[in-house]
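Take these sequences, add in the hints, and give me the full structure.
Read top to bottom, the protein sequences are chains A and B.
Each residue of the first sequence is one higher than the one before, counting from 1 in the working numbering.
Each residue of the second sequence is one higher than the one before, counting from 1001 in the working numbering.
Certain hints may be false.
Where chain A lies over chain B, by a calculated footprint (3+ residues, C-beta under 8 Å) [to be verified]: (1) 1057 to 1064; (2) 1093 to 1103; (3) 1144 to 1152; (4) 1161 to 1174; (5) 1227 to 1238.
Quick list of simulated restraints, FRET-style, between CB atoms [unchecked claim]: (6) B:P1128 to A:I129: 48 to 56 Å; (7) B:L1196 to A:D250: 24 to 32 Å; (8) A:P221 to B:A1104: 42 to 50 Å; (9) A:K152 to B:W1074: 22 to 30 Å.
Rather than coming from a laboratory, the hints here were simulated on the basis of the structure.
Beta carbons: idealized from backbone N, C-alpha and C, even for Gly.
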Amino acid sequence: MANDEKNNRGLLDRLQFIDRRYIFIFIALAVIIPLLLGLRFEEKPSPIVLALYDKVDNMPPGSRLLMSFDYGPTTAPEIQPMVDVILRHACLRGLKVYLMAVWATGQSLTVQTVEDVLIPEFPDYEYGIDYINLGYKAGNQGLIRVIVDDMKRMYSTDANGTDIEQVPMMKQVESLKDMDLIVSFGGGFPGIKEWILFAGDPGAIPIGGACTAVSAPQLYPYYPNQMVGLLGGIKGAAEYESHVLDRYPDSFKTKPTPGMNMMVAQMVAHIVIMLFIVFGNVMYFMYRGKERKLAMEK
Amino acid sequence: MNPKTIKLIIFIVILTSIVLSVYFVSMDRDSIREGIFVTSAAFLTLFIMSFLYKDNPYYKFAEHLFVGVSAAYWMTMGFWGTMMPNLVAKLWPGAVRGVLPALAEKDASYWFVIPLFLGLVLLMRLSPKGGWISRWALAFIVGTTAGLNLIRYLRSDFIAQVNNTIIPLVDKTEAGISFWGSFSNIFVFIGVLCGLIYFFFSKEHKGFFGGAARIGILVLMLTFGAGFGYTVMARISLLAGRMTYLFGDWLGLIN
Chain A
1 MANDEKNNRG LLDRLQFIDR RYIFIFIALA VIIPLLLGLR FEEKPSPIVL ALYDKVDNMP
61 PGSRLLMSFD YGPTTAPEIQ PMVDVILRHA CLRGLKVYLM AVWATGQSLT VQTVEDVLIP
121 EFPDYEYGID YINLGYKAGN QGLIRVIVDD MKRMYSTDAN GTDIEQVPMM KQVESLKDMD
181 LIVSFGGGFP GIKEWILFAG DPGAIPIGGA CTAVSAPQLY PYYPNQMVGL LGGIKGAAEY
241 ESHVLDRYPD SFKTKPTPGM NMMVAQMVAH IVIMLFIVFG NVMYFMYRGK ERKLAMEK
Chain B
1001 MNPKTIKLII FIVILTSIVL SVYFVSMDRD SIREGIFVTS AAFLTLFIMS FLYKDNPYYK
1061 FAEHLFVGVS AAYWMTMGFW GTMMPNLVAK LWPGAVRGVL PALAEKDASY WFVIPLFLGL
1121 VLLMRLSPKG GWISRWALAF IVGTTAGLNL IRYLRSDFIA QVNNTIIPLV DKTEAGISFW
1181 GSFSNIFVFI GVLCGLIYFF FSKEHKGFFG GAARIGILVL MLTFGAGFGY TVMARISLLA
1241 GRMTYLFGDW LGLIN
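Below is the structure:
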């Protein structure tokens, strides 16, 4: 009997001080297995995601959409699915797409997005007429403040070094006020908040956002008065992908849906984390009970 | 086994894996360039993740490489994206004929001598004796940023946010009164009010005031909980992103 108790206590001790690397293995498996199985679930769009979708969907063909790549490779797994799905949606609607970055790392991601999505999937889109890559400019919120009144003061050339005056789709654009919608992809500084503060509010320009999940709670208060809509983290991406797939099944059924795929991995990983939290607490209280019992026996 | 021998075996295994990976990925994609890039990204990911087991030289190598490449990338982007078209091309258009021919024929704008001067002055920070001169440029940066931010943050982040909080408690829609809309509006109203009361320290938190402050704490805890939940989601997304790369782009197991 005493031996059993000793063995039992040993097990509790071991579980109480379990090596955290075992937890890493469980989380890794919880993420990898659903990804390998390629599962995906339908997502119901929340009002804040639906608002941005409706805004893009209701813009007449030829309207100007500015997409600002305010992120880097460190957050690309979260942000890139949102960029891809909004770009596809915009091109499908025939919008004129202006690409730029207030983050230096955003420029290479702009080029990558054009090469991976825009050129192969929308061959009719012509550079300089239907889309343009304005590239990165330093200056953070100062840059936004300047181009809200005069775009060409900062952008004398596009990302390829072409004179901006020679680009057909820039002839009608004097400032950010000529844009019908600006969508900032990011969440850090400078990002969506700076676009709202320095462009959206003073210039009365509709601003949409697609941000990392970490920054989403800080950005929700700007909706709906100061921001059209927001995609928060991979959940936002999955909701947008699911909705666009529902509305345009013929155009989107063959397109990748990384957001929806990652949401399954998210769900399994969250269940594992919750189980660990419950398990850890149960073990803690059992351990404490045993300790008290032993102390009383002594 | 001797630790040095173990380290050597690990090194040989990793090196062999890299060579094999470059070979197979290059064959698969018909491009040696792709093979090298995909393999580099995959192994650097694995090196960084190896820190989860314990600190090791491969992690250190990947970390230092990341810092160096990032610094060089930012400098290059700043030089070619901003310095050349927005400063050099404005002052000496002829000088950029080889790299930005579109700007070479434009008239010079000598106002840009001022940012050039301030930029050079900022570099005086590197001088042991003339370091104080850099404060002029720094003062300009601090002053303009503070001035710019003050107005915008006050109007858009303070006044507009207060305005966003002043909402009707009963949410009336075309279909009638929305229960969840009204619940949300009342929750926002009570949450903001109680949160503010919690941070009001001129009156002791007792009685009704203390009760409101306690609700304020609960609201703050809910906020932190939501923030933490979102952070977990963000981290899992990053892990899923890297796993998609490793098992999809590299190993080809995910379509």
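Against the structure, the hints come out as follows:
1. Coverage of the segment 1057 to 1064 of chain B by chain A is violated [criterion: at least 3 residues with CB-CB distance below 8 Å; count 0].
2. Counting residues of the segment 1093 to 1103 of chain B whose beta-carbon sits less than 8 Å from any beta-carbon of chain A gives 5, enough to reach three: the coverage restraint holds.
3. Only when three residues or more bring their CB closer than 8 Å to a CB of chain A does the claim for the segment 1144 to 1152 of chain B stand; here the count is 5, and the claim holds.
4. Check on the segment 1161 to 1174 of chain B: 3 of its residues sit with their Cβ under 8 Å from a Cβ of chain A, so the three-residue criterion for coverage holds.
5. Requiring three or more residues with a Cβ within less than 8 Å of a Cβ of chain A, the coverage given for the segment 1227 to 1238 of chain B holds, as 9 such residues are present.
6. Range check, P1128 of chain B to I129 of chain A: Cβ separation about 55 Å, and the 48 to 56 Å hint holds.
7. Checked against the hint of 24 to 32 Å, the pair L1196 of chain B and D250 of chain A fails, with Cβ atoms roughly 52 Å apart.
8. Hint check: P221 of chain A to A1104 of chain B, Cβ distance near 48 Å, so the stated range 42 to 50 Å holds.
9. For the hinted restraint 22 to 30 Å between K152 of chain A and W1074 of chain B, the CB-CB distance of approximately 25 Å keeps it satisfied.
Against the hints set out earlier in the document, violations occur for numbers 1 and 7.
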